[in-house]
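Protein chains in written order, with the numbering used here: chain A, 760 to 1113; chain B, 760 to 1113; chain C, 760 to 1113; chain D, 760 to 1113; chain E, 760 to 1113.
Bear in mind the hints are in silico, worked out from the structure with no lab data behind them. There may be inaccurate statements among the hints.
Which copy is meant is left open, because identical chains are indistinguishable; a pair holds if it fits in one copy or across any two.
Each computed EDC-like pair below joins lysine to aspartate or glutamate, with the alpha-carbon atoms no more than 16 Å apart [as the list claims (entries may be wrong)]:
| no. | residue 1 | residue 2 |
| --- | --- | --- |
| 1 | K1110 | E964 |
| 2 | K1011 | D865 |
| 3 | K1011 | E862 |
| 4 | K1108 | D1032 |
| 5 | K1011 | E863 |
| 6 | K922 | D787 |
| 7 | K1011 | D937 |
| 8 | K1011 | D1032 |
| 9 | K834 | E810 |
| 10 | K949 | E964 |
| 11 | K792 | E827 |
As the structure is a computational prediction, the values presented were derived from the model and not from experiment.
Okay, here's what each chain looks like letter by letter:
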Amino acid sequence: MQRFLKRFSQKAGLPPGSLVHIGDPHTDEVKIKGIRYSETEFEEFAVPDNEALLHLQEMDGIIWLQVEGMHQPEKISALGEIFSLHILTQEDILNTGQRPKMEEFDNYLFLVGKILSFDEETSVVEEKHFCLVLMPHVILSFHEAGANIFATVKNRLQKPNGKIRKKSTDYLAYALFDAMVDNYFLVLEKIGAQIEELEEEILTEPSRESLEWLHFLKRELTVLRKSVWPIRDVINSLIRSDSDLILEDTLKYFMDIYDHTMQIIETLEAFRDVTASLFDIYLSGISNRMNAVMKVLTVIATIFIPLTFIVGIYGMNFSYMPELTWKWGYFVILAIMAILGTGMALYFKRKDWF
Amino acid sequence: MQRFLKRFSQKAGLPPGSLVHIGDPHTDEVKIKGIRYSETEFEEFAVPDNEALLHLQEMDGIIWLQVEGMHQPEKISALGEIFSLHILTQEDILNTGQRPKMEEFDNYLFLVGKILSFDEETSVVEEKHFCLVLMPHVILSFHEAGANIFATVKNRLQKPNGKIRKKSTDYLAYALFDAMVDNYFLVLEKIGAQIEELEEEILTEPSRESLEWLHFLKRELTVLRKSVWPIRDVINSLIRSDSDLILEDTLKYFMDIYDHTMQIIETLEAFRDVTASLFDIYLSGISNRMNAVMKVLTVIATIFIPLTFIVGIYGMNFSYMPELTWKWGYFVILAIMAILGTGMALYFKRKDWF
Amino acid sequence: MQRFLKRFSQKAGLPPGSLVHIGDPHTDEVKIKGIRYSETEFEEFAVPDNEALLHLQEMDGIIWLQVEGMHQPEKISALGEIFSLHILTQEDILNTGQRPKMEEFDNYLFLVGKILSFDEETSVVEEKHFCLVLMPHVILSFHEAGANIFATVKNRLQKPNGKIRKKSTDYLAYALFDAMVDNYFLVLEKIGAQIEELEEEILTEPSRESLEWLHFLKRELTVLRKSVWPIRDVINSLIRSDSDLILEDTLKYFMDIYDHTMQIIETLEAFRDVTASLFDIYLSGISNRMNAVMKVLTVIATIFIPLTFIVGIYGMNFSYMPELTWKWGYFVILAIMAILGTGMALYFKRKDWF
Amino acid sequence: MQRFLKRFSQKAGLPPGSLVHIGDPHTDEVKIKGIRYSETEFEEFAVPDNEALLHLQEMDGIIWLQVEGMHQPEKISALGEIFSLHILTQEDILNTGQRPKMEEFDNYLFLVGKILSFDEETSVVEEKHFCLVLMPHVILSFHEAGANIFATVKNRLQKPNGKIRKKSTDYLAYALFDAMVDNYFLVLEKIGAQIEELEEEILTEPSRESLEWLHFLKRELTVLRKSVWPIRDVINSLIRSDSDLILEDTLKYFMDIYDHTMQIIETLEAFRDVTASLFDIYLSGISNRMNAVMKVLTVIATIFIPLTFIVGIYGMNFSYMPELTWKWGYFVILAIMAILGTGMALYFKRKDWF
Amino acid sequence: MQRFLKRFSQKAGLPPGSLVHIGDPHTDEVKIKGIRYSETEFEEFAVPDNEALLHLQEMDGIIWLQVEGMHQPEKISALGEIFSLHILTQEDILNTGQRPKMEEFDNYLFLVGKILSFDEETSVVEEKHFCLVLMPHVILSFHEAGANIFATVKNRLQKPNGKIRKKSTDYLAYALFDAMVDNYFLVLEKIGAQIEELEEEILTEPSRESLEWLHFLKRELTVLRKSVWPIRDVINSLIRSDSDLILEDTLKYFMDIYDHTMQIIETLEAFRDVTASLFDIYLSGISNRMNAVMKVLTVIATIFIPLTFIVGIYGMNFSYMPELTWKWGYFVILAIMAILGTGMALYFKRKDWF
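Only chain A is shown next, with the shape it has when bound in the complex:
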């Protein structure tokens, strides 16, 4: 069940605080992109090496560092040193199997989320790791390669008069989480479309494949559920924490995300209900088809077995069987059998058996 558990064995036996990447192996370089903005300025800059990071502290405005990929522990550890991240935070960033959570530290807030995508070909929900370190003037975002859904946030930052430019780091954090949760709706919509299609199929012509599809969808709903439920708790504890890093004004926005998470959860539960009902229909469909097969057999057998008995009688070799010598005996018997057979066929017809 790789779908529920990411390579934890990679870490077992290591001391806490061991910085090891847990997740699928990658060969490409971890990329770090920097954005610096204030109400009046917007600037993108590259972070070619760790050295470049040392100058970040001196910059004005708000700095957003986007780290793409978390498979190079040394890079994460360098960032950790510069921004004094707790060793557990560094560990959690490297562990792509870490469940969503919110943790308060003295100098920063640490948020873990999940970016989901749904492959319509294979009906598989893919989960990408996503972390956020929120400091007064700096925000660090970490996400696995291929999970970049934050382009729109960057676009908004580029617009000179965007509200987001006037706000603090907490609003940027909100914008990123909002993008993440909005993306869940897209995943849900795709799954919903598949369930609808499957419903149609199961109601009209269910097959063994329908069942497997149903099973996969149910499993993916379970994966989804496992990702989304903790998100609710993350947002909730963010709202209830009284960290100075979250301004009163931004709370309303986070409450909006909370609301969306609730909606996703409710939709998920509704989907589970529907898939359960679909399995019931599939099951009774099999029984119905078996019923139909049985009826065919029974109709055929019930009509022909008695007739075969009758022809058997006149195939007996008794020396004295008066009917055999009657001139029209043969035709009389044929007629009787025709009447009998038709009668039974009509009877079954009336009973709606075929």
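Got chain A; can you put chains B, C, D and E on it based on the hints?
Quick look at chains B, C, D and E alone, frame taken from chain A:
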């Protein structure tokens, strides 16, 4: 599963605070109707354009603005500016998929509900968006076209001595939510009637169609549940909030609505229990019918196969078979077979197999 | 599902505070009986008309007004005026579908309960509305006609030295609720007896009727559950309220009722478990019977089809078939078939197929 | 369902505070045994009549009165008067169907528990009533005859240096409850052994009897659950109460019981899971057997029906059928049929059908 | 169900505080190994007998005593005396069936956990008892033989500059619990791999063995669940306790374990969902196979029974049957039957029956 998720993709990728209508497209104009009343006065007025809204603030008494339709963001945004509605409130008004919630702002209370209707033809629960902005002297109600169940409230306002005329905006809000929740009972009654009809059908002559009907009803119960559960929380947080906008005296009335919501929820759960039990009955009905078919086949086969064997014996061509030459051999055999056949038929009759 | 929802449509569209009777129509007059008692006195009196009610306030001791029937809004409203009952209270009294609840008002406590009865003929739980208004010296009880289970309480009041005579109105309220809850045990016992009978039937000879009976019992358990769960909350909020109307000393008694309610709920849940298990047994019973039918068919077919094949061989008309001309050929074949048939029969016997 | 509800009808209609025994009738005398102990002394004494009880108060040390049987209300009432027990306490002692609870009174703590036993013959859990009244120097224990599991506690009291001798009444109460809960483990072990045996049976050769056994075990687990869950609440409210009667030091011990209760509950839930899974296996076992039966039928029919058709062909009486006159026609046909039959048999063999 | 309940009967009837080993019998000696470390020192020492324990108190630095095996009550009791362990603590150490818990005593914290392992051969989760006594300068760990997963912790202690060397006993406790919980992931991964394998098997070629395997996996998930849920509570109450023994700084680390426990629980629940769905698929697989068998039977019977009837007709011995004397009668009939048979075969082919 359009039934559970309204076109969220329309919004994905947009920044928070983007005013976009989320829901089915409409072509007609959003209509705004105004009512102004006090203990002594009652007046209806038209709001032809945004300009007319500017004069509202100067009016005496309580003003109720009914906005029908939420598909024109510019109208909502104009109202938002005049009454200083938070950008998130405006967004929630435009999002017809927004789940029920209650939010307190500095200058107003924001309530989201759902108006439900049940189409008896298609067995589909239709959900219409409904929002309420409650201010000291003004109440704004937003509802999708075709969801106007508030005519009776208006009628009561017209009566010179109605209690509602003497009360504040919170009582009007109560009256509107009460109308909304009362309407749920009607939906429940209709669904209840269909369940009853279906129960009758499944107990007497279940068919494939019964199962599909059952599936649809279960799905609609899920939709209903998804709408009603959050309503309970809305009312509950309204009662527990200590907003100045809700007077002590009105609380009792909201508690009455809470009570009704609980009753609806309990009835929904009872319906779910009953539909689950109905599926069980349907399933065992299929098995019972298969049993009946099998019994017919078995009775026929068990009676005629042995007899056919007997006639087969006397159809053999051995040169020395003494019975064949006996004068009454044929009739003796016929008699034996008649006895055997009747005996077995009686045996099955006694075992209640046909 | 009339069983879960009482004619709510009667009320829909009416303003809150409209005094309308919701429930089955009645033609008889609402009867009001009065009892006045103190430690030393006991007196019954008639309340022929509303006028008589006006003198109640001047009476000494504790007054218990028993109102039988709630289908005449004008009577309830007259009582409401005399005892200053809130309009919502009056509404709740008239609404026989109102769920159990407890509400505190400035001058009184309002309690709603349900009186249940179980018709053993039809296996239907009937629910009667029951309300109590508790004031310092007066207690008003309202119950639907045919639901009078309070005769024993009256008898106790008549006894000169009964403890109940020395206590306040809260103790009388307790006595009435205690009678109501004790009555639930009787209903449970009757249902329990039916479940036991049904269990016996399903374990020995299940039939289609058993299934329907099971379905009805399950449905009635759902009805029961819907009535009893809220009662628990009523008693609980009564205990936790610090109303002056409930004396410290009486609390212990209400806690005793709470305890009984818990016991009823636990028993209900146990019944649900048992009925679920009974359905499982019923279902596997059908499968078992089908198995038995299939075995009969298979045994008969497996014994006779090969034998019929053999006799078919010797019925062929080949000109050269040596066996046919052997003197004892016929008997040898008969013997072979007898051995084969018996052998197979024994084989099936040993496999326990019949 | 006598198993879930004890003769409540015996009490219905009686006023609260009526002292009536509720439970199975008994004819023997209620026995009271007394034990008096202190750190240095231990003495058993008989309590022949109520008079003897009057002298108890004057005794030194701790007094433990063991009342065996609760079917003589007058005896309970006498004790109640001497020790000033609340009328509701007396009622609860007499009601053997009373669910476990803990109640604090001014002068004593009242505890109700259940002593369970499991009859391995009938697979029935028997529940015996058990009450404890805990006062500063006196402890009253009430249990139904045949439920004495407290012999070991008495033995410990007899030992001169036992810790129990140095402790107060609360420790004795703990010791008794501990004995009661320890006894549950024995019941669980016996049921567990039966489930194991049943698992073996259902996995190897399930029968109709397995199903009934399973049903009975499930029912008894329900009974057990109904007894044990409230015990947890009893112990919990005992720990949370700040009664002077429970010393700080003894709390740790009660927490130990709480822990054991949790373990019993978890084991019960695990048993429920396993029995549910066993039913699933039973059900699919039936289907598997039906499959096997069907395969036998199909194999036989598929092999012999076509062969019978072939022999039928050569049994036809056409005047011109060339094959019939061939010298080796008969043997060629026999050979063809042998090949056909063997071929089909091998085919089914390869498909693993028999 | 030995799997859920460990030999409790061994203890039943013993007074609380009786030091008896509860669990599988062992014959080997209980081994005690000592480690003493501080920031600068690390030393292992043997504890050959109880006497050696007396000198422990005088040592500097932090002392970790590893007790392997808990089947010699006298050894535990000796330790208990030296370190003043409460009698209940000693009892819990000896009871290998004790569920996970956390208890605060005046001078120490007592933690109970479970070390799990999964035998891939037998699909059995084995549970080993594990206790920890946490004191300011001493930590006692108790584990059953064969459950030593703490080698890595020891290795870390040996490294001169390890963080663990600079920390207090609470960090060591954390390290041990972390190792325990990390080990759960390994168990989960192995079970997950088996579920995946089983899923493959059930989807492609389910057999009776698949069902048994599924049943065993479900049972083991139940065992696992029973162990892991209480661990969550242990860690939670550890975090919430304000014991001086847990330093502020270490709390973050324990919260990390809490997080892991949550992840394990969520994965367990997901596994339960998947296994439930797999059973559904297995069940419908049986039905599908039965369907296939029925179809074979029906096809064969439907094709050949009518044909056999036809050949039966021309096997009749009527003296006047014109067809029989036609020259090509035989071949005409053969042709007719060939057409009929092929027609029906094609019909079934088109209906996809074989």
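Comparing the hints with the structure gives:
1. K1110 - E964: between (24 Å within a copy, 12 Å between copies)
2. K1011 - D865: between (24 Å within a copy, 12 Å between copies)
3. K1011 - E862: So K1011 and E862 pass the 16 Å test across copies only (9 Å; inside, 20 Å).
4. K1108 - D1032: Neither. Shortest intra-copy (38 Å) and inter-copy (37 Å) distances fail the 16 Å Cα cut-off.
5. K1011 - E863: between (20 Å within a copy, 10 Å between copies)
6. K922 - D787: neither (36 Å within a copy, 32 Å between copies)
7. K1011 - D937: within (13 Å within a copy, 27 Å between copies)
8. K1011 - D1032: neither (32 Å within a copy, 36 Å between copies)
9. K834 - E810: Result: close within a single copy only, 11 Å intra versus 53 Å inter.
10. K949 - E964: neither (22 Å within a copy, 31 Å between copies)
11. K792 - E827: within (8 Å within a copy, 47 Å between copies)
When each numbered hint is compared with the structure, violations occur for hints 4, 6, 8 and 10.
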